[in-house]
Each structure stands twice: as structure tokens, then as C-alpha cells.
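Participant: What follows is each chain in one-letter form.
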Amino acid sequence: MRESKIVSRKFGHKESHTLQVARKHGGYSAIDAAFALEATEIIDIIKVSGLRGKGGGGAPVGNKWALMPQDHDGPSYLAVNADESEPGTFKDRQIMAKDPHLLIEGIIITCYAIGAHDAYIYIRGEYYQFQQILQKAIDEAYAEGIIGEKVMGHDYRLDITIHRGAGAYICGEKSALLESMEGKRGHPRLKPQQKEPEWYFGNPTLVNNVETIATVPFIVKKGAKAYRLYGTDSSPGTLLFGLSGHVNRPGIYEAEFGVSMLEYIEQYGGGVKGGKRLKAVIPGGASTPVLTAQEASCVRLDYEDLRVMGSTLGTGGMIVMDEDTCMVSALKNLLEFYHHESCGQCTPCREGTGWVDGIVESLLKGEGTEEDVDRLLDVSQTMNGKTICVFAPAVSGVIDSFVTKFRGEFEAYLKGAR
Amino acid sequence: MSFVFTDENLKKIEALKERYPSPKALSLPCLWMAQHQESMVSMEAVEVIAELLDTPPMEIYRVATFYTMLNLEPVGKYHIQLCKTLSCALCGKAEVLKHLQERLDIVPGESSADGKFTLTQVECLGSCGTAPVMQVNDVYYEELTPEKIDEILETLR
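Quick note, the sequences are listed as chains A and B, same order. Each residue of the first sequence is one higher than the one before, starting from 199 at the first, in this note's numbering. Each residue of the second sequence is one higher than the one before, starting from 5 at the first, in this note's numbering.
Simulated from the structure, these hints should not be mistaken for lab results. Computed from a predicted structure; not experimentally measured. One or more hints might be untrue.
[To be verified] Derived DEER-like restraints, expressed as beta-carbon distance ranges:
#: 1; chain 1: B; residue 1: A19; chain 2: A; residue 2: Q268; range: 22 to 32 Å
#: 2; chain 1: B; residue 1: A19; chain 2: A; residue 2: T238; range: 32 to 42 Å
#: 3; chain 1: B; residue 1: E77; chain 2: A; residue 2: D230; range: 19 to 29 Å
#: 4; chain 1: B; residue 1: K102; chain 2: A; residue 2: K423; range: 51 to 61 Å
#: 5; chain 1: A; residue 1: M199; chain 2: B; residue 2: E147; range: 38 to 48 Å
#: 6; chain 1: B; residue 1: E106; chain 2: A; residue 2: V246; range: 53 to 63 Å
#: 7; chain 1: B; residue 1: T69; chain 2: A; residue 2: Q391; range: 44 to 54 Å
#: 8; chain 1: A; residue 1: V246; chain 2: B; residue 2: P78; range: 55 to 65 Å
#: 9; chain 1: B; residue 1: K102; chain 2: A; residue 2: Q579; range: 35 to 45 Å
#: 10; chain 1: B; residue 1: P61; chain 2: A; residue 2: E521; range: 49 to 59 Å
#: 11; chain 1: B; residue 1: P112; chain 2: A; residue 2: R447; range: 38 to 48 Å
#: 12; chain 1: A; residue 1: D431; chain 2: B; residue 2: F7; range: 57 to 67 Å
C-beta: ideal position from N, C-alpha, C; glycine also.
Isolated chain A (complex conformation):
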């Protein structure tokens, strides 16, 4: 695997979070290039680059930007999604802690492209330490005239405000995030039938993940082609993939899309801990269907290949499980998470997550019945496609993958074999 550092380029430098070090290594050099272009030209570059949203959805970023009206009679907003809460995902915090000025640079360019003068960074409440590093960087940027009344001398006002969440996973869903930022419970909104921007207090708003925004300066400075030198045709560029669980060197390592999952785990993660055999990998955060070792050994890390494998790339945060892992306990752990985090708005999700959690609990206690394993699949079916947001369908995919691929382990609990 060749080295592919676009977003993490400055991570290794000492004091990389400071303005001085950021500037020394090219920080904010994309700003003048951006302001020399028309806003719509920037959107075109992003479109051509093929940049896809890095928060988990993988939607084409340029198309999303193009939904923002350029002639809106009133304010437009940018909301940066830093509510990183998907189990197995810990990449955005690296950007905020190690190169916050790259994020600010990306915010400036994005706001200019969509005509926004106010940007908010919605950060999960637990990330207080990283929020403080980011706030310091924002203060530095204000003091140096990088943001504020005139962005680096250009006739463009931009204010950046950090909005702190308070421990609700669902606020990472873009419309729930905006509800939360409007001072309400984080309940996802019904989606329109046709594509349109998000809305913040009735004004058009773009919501993008931290890493997505942090990729923008490279593309604007080096060009769409330079970004496409990495990755595959349909999944261009790089991602801050992550490793956690049973690996020797867990962590975040940027790589281009399309590399082999197993090679990635071997090369960056140093293989499975303790020389054990691999049993399963959750490929991109807890909400992506689990892969068996066999599937993991032949899949490539891009959106298309994981789709073919019946899973999704998600956030690229891989959770590695060794041969001794009990898959029933692993599913129970995740179902507790979902049960706790369901926002409670839709009945199939609110009730379903508790129900499946209860079924797996009774299995683990040895109190399960013959029907329980199929009942899990049945409840999962009822949760899929019948709710406002994709939370319940994701849980459904997780249940189905665990139960169908490791059914023997679930049935073993019925026979008292464990």
C-alpha cells in the first residue's frame, strides 16, 4: 500500500495544532486560490473531484453543495458535524486535536462556496478536551484576521461558533443535529421526496462531516485531478480509516479507497492481537453489517466493494474480533447501545431495540426458546424501513448479519452448549 496522506499530512509535526506550525506547512494557502474563483466554480471542482461525504453516508459532496441556493434572500448556514459517536469511529477527533486549522480552512472555503457567513461546529459533549483545542485555534484565527469581519483581507464576513452536544448519538443524523442546534430534542426530521438542502430555523443549511470539510483545502489547492490520483473511479481519494478491537496497533491511518481490508489490518494494525485467528470484522462503525473472516479476506475498502459484500463502508472505523469472541455477546453489546440511543420518536425503533436486546439477553442467560433466533430476524424485519431515519434499518442490518452468519453460536445457547 502506498502512503496516501491528504488530511493527516500535518499530524506528525510537533505542536501541529498551532497556527504557527499549520502556516509553516502550508496552512491557509488554499484561501486565496478559493477567493480567486467564483463560488460555483468551487462547487464544480468538488463535483469533478468525486469527493464523497466522509461521515458514513458517502454521498457525492458537490451535488449536496449545489442544492444550496446561491440567490437565497436571507442567511445560509454551514453546520459541521463533529458529533462523532458511531462505535468504532474516532477519526474526526484526530483532525480537531492535531490539525484544527485545516478544518477552519475547509470551513472558510465551503462557506464561501455556498454563500454562508455563519458556520457552526456541532461537537459531541464528551469531546470537551478536543473542543478546547479547536476553540483555541478559532480564537487564533480571529486574532490573526483569518476569520471575522474580513476573511484574510477579502470582503467576506465569517463567524465560526462551536455548539456542544450533550450525549445523544442520534444528533449525528444531520436533521437531528439541526433540531438539537435549534434548542430542541434531537429528533430526526421527515425527509422530503425531492432533494433539497437542510434547514436551520427555516434557512438553507449544509451539513458536512469534519473530515469531509478538512479534505476541501487539498482539492481546491491541488485540483480535482490530484484528488482522483488516489482511490478508485467511484470512490476517489482517501479516508481516515480506523482500527480497534483485537489488533496489535489500533489507531487511525489514512489510506486510499480500494485497498485490501486484510492488508490494511496487517500493515497498519500489525495483525490480530496475540497471534490469534480472525473471526469477524465490523467494517465501518457499529451500524454496518458484520463480515466473516472469509469475507474480510477478500473485500476492498471502498463503497462499491463493501456493498457487493452486503455491508457498507460507513465511517471506515473497523472493529476487529478474534477467534475467541462470542458473537452473541458482541451483538448484545451493540443492542444495548442502540436501545439506549434510540431517540424514541418512532415505535418500531423505540420498542424494537428494547425487544431484541431482551431476546439476546435471555439467550445468553440460557433461558431462550427455540423460536427466539427466528424472532430476532422477525423483529428486525419489522424495524426495517418503517421509521423516520435510518437508525432502525441500520440496527436491522446488524441483527440480520450477526444472526445469519453466526447462527450456530446463537443456537448453541439453546442447547446449553456454552
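Following the hints, position chain B against chain A.
Facilitator: Just chain B now, with coordinates in the frame of chain A:
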């Protein structure tokens, strides 16, 4: 018992109002300030915030009860929140929890008799690469082991 925001926080709230299209956006920032003042959110604080933001108290209460990190009950001086989600569970969370329980003589959901510690198990803290992890008030402690727990508890005494 009554609640009043400090002058510093009142200034912050006024400054923040300039940053948002509506004062209603400030419910979470205000709730956080209240919690930082009193280590919990009291009903008195809810009413004060409602008045400041020109919103019915019920709306603020609805928000306060939705978000896990807002404490509606008093917690100890040190609120220990141990991550229980998959990556931490795979990497030795159980052993760390057992040690914490023995050292503090409490189980999750309880506070120590001297009111110093509250122990809670929480969902994913987004620190999966350095599991197991816990948060004490606003600070993360990563790659925990029983030995490391002993060292940390020493500094919190």
C-alpha cells in the same frame, strides 16, 4: 434553593445570542453553563433558562431530559464514566470495571458514601483506538488497566 447565573455566564449568553438566528438555539449552551456551575441541572435552573430564552420551562425540561450528559440528579465531585461499548468491551473493560467497583466500593449508578465519586457506565466515548477508556468529569483517561486506575484515583483523592 434558587439558581442564578454568574455575571460571567450572563455575559456569555448575551454574546452567544448574537451568533444565532434565535435565542431558542441557546438551550443546550445554557444548560451546560448551569451544570458547570452546580454540577447538575436543577429545576430552578430550568426555569431561569426558560425565562432568559423566552421559552416555556417545559421546553427546556424536555431538552434537559433528552441528553444523557445532563445530570438531573446530584453527582459526586468526580463523575467517573466508563465506556461499555464494543471496542472497550473487547479490550478489557470488564476487568477495569471490576477494579473500579472494588476500589470505590460502589456499583454503576451509585455514589461513594463521602460523595466524592459517582460511577456510571456510558455508551461509546469515541476513543475506540485507545480502549478501554473512561471520562472523569470532562477529562479522558485512555488505555486503562487496573494499575493505571490506581494511579488515577490517587490524583483524585
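Participant: Out of the numbered hints, which ones does the structure contradict?
Facilitator: 3, 5, 7, 11
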